[in-house]
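All letters in the sequence shown, in the order written, are residues 1 to 92 by my numbering.
Bear in mind the hints are in silico, worked out from the structure with no lab data behind them.
In this text, all values refer to a predicted model and were calculated from it rather than measured experimentally.
Among these hints, one or two may not hold up.
[Said to hold, decoys possible] Listed next, the in silico DSS-like pairs over lysine-lysine satisfying Cα-Cα at most 27 Å (straight line):
#, residue 1, residue 2
1, 9, 51
2, 13, 39
3, 39, 7
4, 9, 39
5, 7, 51
6, 39, 51
7, 63, 51
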Amino acid sequence: MDIISEKIKEYNKIPQKGIIDDNSMRHISRRIYFQDGDKENMINDYLEEVKRNLLQTITHIDKSATSMRSETRSNDINAEDFLQQMKAMDKK
Numbered sequence: 001m002d003i004i005s006e007k008i009k010e011y012n013k014i015p016q017k018g019i020i021d022d023n024s025m026r027h028i029s030r031r032i033y034f035q036d037g038d039k040e041n042m043i044n045d046y047l048e049e050v051k052r053n054l055l056q057t058i059t060h061i062d063k064s065a066t067s068m069r070s071e072t073r074s075n076d077i078n079a080e081d082f083l084q085q086m087k088a089m090d091k092k
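With the hints as constraints, model all of the structure from the sequences given.
Put into structure tokens, the structure is as follows:
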């Protein structure tokens, strides 16, 4: 917990220019504060959950991007085929 307190103090020293105020962080902090039990374990559990959610989201984005690239490639191939057909017709 001392490490976390030190990090919070360090972050508070950084000028707030350009930093978005994160209300979700305050919300989670309050929820943890009012719970009985080991706060550090609660924080670690929360961070693990955030990590899993981030990885799932990144995987989902990657799959979407891969699918989009595949569609784009297919469209490019169709366009190339069309252009070749047009060139062949021009030669006739």
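Verification of the hints:
no.: 1; hint: 9 with 51; verdict: 24 Å, holds
no.: 2; hint: 13 with 39; verdict: 24 Å, holds
no.: 3; hint: 39 with 7; verdict: 16 Å, holds
no.: 4; hint: 9 with 39; verdict: 18 Å, holds
no.: 5; hint: 7 with 51; verdict: 19 Å, holds
no.: 6; hint: 39 with 51; verdict: 18 Å, holds
no.: 7; hint: 63 with 51; verdict: 18 Å, holds
Of the numbered hints given earlier, the model fails none.
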